Amino acid sequence: MAKVEVINPVIQGFLSYAHFDLDTDPNLFEHLALQLERRVGARLLNADFKIWRDSEGIRTGDFWNPAIEAALAKSRVFIVILTPKWLESEYCRKEFEIFDEKESQIGPSEYIAPIEIRSLHDQTRYFTSEQKFIYDSIQLRQYKKIVPADFLRLPPDQRAALIDEISEDIAGMADRARQLEERRKREPDAVIRQSRSRYPVAFDSKAHDFSKVSILSFAEVLLNIPFESARAVMAQFDFLPKMYIQSEHGRIEFSVRRAFLTLSNAQENDLRVSDQLSRASGAYYVSRFSSPNALTICIDPYGDRTALSDQSLQPAQGENRYAEIAIAGPEVTSIDITATLSVSLCPEGLFILRNKGETSQRTARKIAAIMSVAVKKQIEIQLGEILHDIPVRERSS
Amino acid sequence: MSHKFQKLPSSLDRLLTLAQDAPEGACSFRAMAQAVGLDPAKDFRGASLRELDMRDEDLTGFDFSDADLSGCDFRRSKIEGCNFTNADLTGVIGLDYSSVSVDEPYVAQMKTERDNDSLQRKRGFIIDALSGLLGCTLTRRTRVFYGTDDNKIRVVCTLSKRFRERKSYQYWYAFHERWEAFLIEAVEGRLVLGCLDLDMAFSIPHEVIQDVLPKLNKTDAGGRRYWHLHIRQNLDTSDVELILPRGGQNVSLIEYKFEVPRNRNLD
Numbered sequence: 001m002a003k004v005e006v007i008n009p010v011i012q013g014f015l016s017y018a019h020f021d022l023d024t025d026p027n028l029f030e031h032l033a034l035q036l037e038r039r040v041g042a043r044l045l046n047a048d049f050k051i052w053r054d055s056e057g058i059r060t061g062d063f064w065n066p067a068i069e070a071a072l073a074k075s076r077v078f079i080v081i082l083t084p085k086w087l088e089s090e091y092c093r094k095e096f097e098i099f100d101e102k103e104s105q106i107g108p109s110e111y112i113a114p115i116e117i118r119s120l121h122d123q124t125r126y127f128t129s130e131q132k133f134i135y136d137s138i139q140l141r142q143y144k145k146i147v148p149a150d151f152l153r154l155p156p157d158q159r160a161a162l163i164d165e166i167s168e169d170i171a172g173m174a175d176r177a178r179q180l181e182e183r184r185k186r187e188p189d190a191v192i193r194q195s196r197s198r199y200p201v202a203f204d205s206k207a208h209d210f211s212k213v214s215i216l217s218f219a220e221v222l223l224n225i226p227f228e229s230a231r232a233v234m235a236q237f238d239f240l241p242k243m244y245i246q247s248e249h250g251r252i253e254f255s256v257r258r259a260f261l262t263l264s265n266a267q268e269n270d271l272r273v274s275d276q277l278s279r280a281s282g283a284y285y286v287s288r289f290s291s292p293n294a295l296t297i298c299i300d301p302y303g304d305r306t307a308l309s310d311q312s313l314q315p316a317q318g319e320n321r322y323a324e325i326a327i328a329g330p331e332v333t334s335i336d337i338t339a340t341l342s343v344s345l346c347p348e349g350l351f352i353l354r355n356k357g358e359t360s361q362r363t364a365r366k367i368a369a370i371m372s373v374a375v376k377k378q379i380e381i382q383l384g385e386i387l388h389d390i391p392v393r394e395r396s397s
Numbered sequence: 001m002s003h004k005f006q007k008l009p010s011s012l013d014r015l016l017t018l019a020q021d022a023p024e025g026a027c028s029f030r031a032m033a034q035a036v037g038l039d040p041a042k043d044f045r046g047a048s049l050r051e052l053d054m055r056d057e058d059l060t061g062f063d064f065s066d067a068d069l070s071g072c073d074f075r076r077s078k079i080e081g082c083n084f085t086n087a088d089l090t091g092v093i094g095l096d097y098s099s100v101s102v103d104e105p106y107v108a109q110m111k112t113e114r115d116n117d118s119l120q121r122k123r124g125f126i127i128d129a130l131s132g133l134l135g136c137t138l139t140r141r142t143r144v145f146y147g148t149d150d151n152k153i154r155v156v157c158t159l160s161k162r163f164r165e166r167k168s169y170q171y172w173y174a175f176h177e178r179w180e181a182f183l184i185e186a187v188e189g190r191l192v193l194g195c196l197d198l199d200m201a202f203s204i205p206h207e208v209i210q211d212v213l214p215k216l217n218k219t220d221a222g223g224r225r226y227w228h229l230h231i232r233q234n235l236d237t238s239d240v241e242l243i244l245p246r247g248g249q250n251v252s253l254i255e256y257k258f259e260v261p262r263n264r265n266l267d
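These protein sequences, in sequence, are chains A and B.
Quick note on my numbering: the first sequence kicks off at 1 and runs consecutively.
Quick note on my numbering: the second sequence kicks off at 1 and runs consecutively.
Calculated from the structure, these hints are not laboratory results.
One or more hints might be untrue.
Unchecked claim - Using 30 angstroms as the maximum straight-line C-alpha spacing, the simulated DSBU-like pairs for lysine-lysine come out as follows:
| id | chain 1 | residue 1 | chain 2 | residue 2 |
| --- | --- | --- | --- | --- |
| 1 | B | Lys42 | A | Lys212 |
| 2 | B | Lys215 | A | Lys377 |
| 3 | A | Lys206 | A | Lys377 |
To be verified - Pairwise CB distance ranges (calculated):
| id | chain 1 | residue 1 | chain 2 | residue 2 | range |
| --- | --- | --- | --- | --- | --- |
| 4 | A | Asp150 | B | Arg76 | 35 to 43 angstroms |
| 5 | A | Ser229 | B | Arg140 | 46 to 54 angstroms |
| 6 | B | Lys7 | A | Lys94 | 21 to 29 angstroms |
| 7 | B | Glu80 | A | Ser229 | 50 to 58 angstroms |
| 8 | B | Leu213 | A | Ser396 | 54 to 62 angstroms |
| 9 | A | Arg186 | B | Arg140 | 56 to 64 angstroms |
| 10 | B | Thr142 | A | Ser104 | 36 to 44 angstroms |
| 11 | A | Ile225 | B | Arg121 | 56 to 64 angstroms |
| 12 | B | Thr142 | A | Asp304 | 40 to 48 angstroms |
Here the structure is a predicted model, which is why all the values come from computation and not from measurement.
Note that CB positions come from ideal geometry on N, CA and C, so glycine has one too.
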């Protein structure tokens, strides 16, 4: 019987590097490319990993070769060999910019893996504004450092261990990209949220001191007058767009990323969903573990917004301010409805002022996430009444 | 108002100090949570934890229900006893769905292999009883799927513990889209809801389930869509009913009830 060869789908990674560096350390590049292909591939089930790199030198002169753009479009992971020459190269920066734009569309999390082989830290004063922007963006990612001379002197097992660490990061990115791609095929209409915007690198001067302001500046739920045997339940919330907490060693900025409005009715089953609410408007119905029988609306930022702020709910058609969030029976009154709101905070930036040692991006993100949970807890303890009992009133006209 | 939040700056400093003093990778998520007085069993419900690298973390006992975990990496993390119910798991990698199944809310809280064995034994008793009732042999296809050899009769069997602390319902199940796809192919399809502490179960015809699905709450968790089925005992009428939170009259389940031999080990 003829042997049937199974051909695995290929997940492509794009290797972005400066030719100058390749000429300087050819052994390192050969070793990295080969080993990354093998070790990332070894971690993937029913898929192979291939690295695309400009082995034919098409990235020369002023002409931007469309083959590079095609390779970038096909790639799921972008591997940067970060050096001064990489940052100097217009080609390399353009590759990065194209993939950086594409990355947010792949799905949540990161798909760019920087490997720093020559430090740029001491040369930041020579950066152009464009170089600075790209360097800052790379610094905000989880990146690995390899010193070529040291690396090539490492015994094979240590060298393998180092490449293995990088491979695990890249394999995770490849796996996630594959998973999201399959889901899009399976559910073409699924709304998959994009990657969060990367943390800013400067304080936001418009952020408010959390200790001096209230996170929620307006909240109201209204019951419209009965119309055709039903009463529309309307609501609106205004949140502060960004707040900060300042400490001796650092500062964290955060915003309200998501809110849950839970409506319960003393007259059971007399509160139902409204057709006006759709995922496109940023608000949709969910079932909450903590209150499975109530009608719960998850409120996400709509349009281009990344956080909840003024008019968190998109106003209904023909309304200037309020959104229709549910339909109640004609007998339901404002006394029957209880509206509770809880928020989920999202860290927007963590700035470390006095750095005794280096804090990795991995750890920094955990600190930011844990702080946002701690802040939420404090809000619930201290301001529970504001967040939980949203006034419900009858609309007069 | 400032005095109310005076703890927060010091919490931030505590975390920064902890992270900087510990060697890379040694500062765990759990240690950081504890350093600022957070309780893993309740403070992380509904939290925004997007795109965190949780590799190698010990997350035993964390309650992530309703949390946003999209893009998180859980490879090699310890997740026994974690609750992922209703969490947003879009783009999550490294989660072993067999050990943190959201199929049955109770299973998500299972801690040992022995518990899982008990569940499967209970399921076996239910299927035996149902086979006798239907006059056919039901063969196991997967953990929850059963069917006759000709596939004309198909059964999905799911279990729930009693939620004693809940007033509005006593049992809670999830009904998945893939279960719907399995039952729709049958000449006779049944959804069987088992109660871990009772010697009875409910065998509900697929058509009844199809009718009520639009009236149930639904969750979309990382491509796994499922409806929530809550059952309660009506103390006034002694009826057992399926709650329809999105309108309509609750469905009485009494006519679908059947006896199951008692399994003493599960009490």
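Structure-based check of all given hints:
no.	hint	in the structure
1	B:Lys42 to A:Lys212	27 angstroms, holds
2	B:Lys215 to A:Lys377	33 angstroms, violated
3	A:Lys206 to A:Lys377	24 angstroms, holds
4	A:Asp150 to B:Arg76: 35 to 43 angstroms	28 angstroms, violated
5	A:Ser229 to B:Arg140: 46 to 54 angstroms	49 angstroms, holds
6	B:Lys7 to A:Lys94: 21 to 29 angstroms	47 angstroms, violated
7	B:Glu80 to A:Ser229: 50 to 58 angstroms	51 angstroms, holds
8	B:Leu213 to A:Ser396: 54 to 62 angstroms	39 angstroms, violated
9	A:Arg186 to B:Arg140: 56 to 64 angstroms	26 angstroms, violated
10	B:Thr142 to A:Ser104: 36 to 44 angstroms	37 angstroms, holds
11	A:Ile225 to B:Arg121: 56 to 64 angstroms	58 angstroms, holds
12	B:Thr142 to A:Asp304: 40 to 48 angstroms	44 angstroms, holds
The earlier numbered hints that this structure contradicts are 2, 4, 6, 8, 9.
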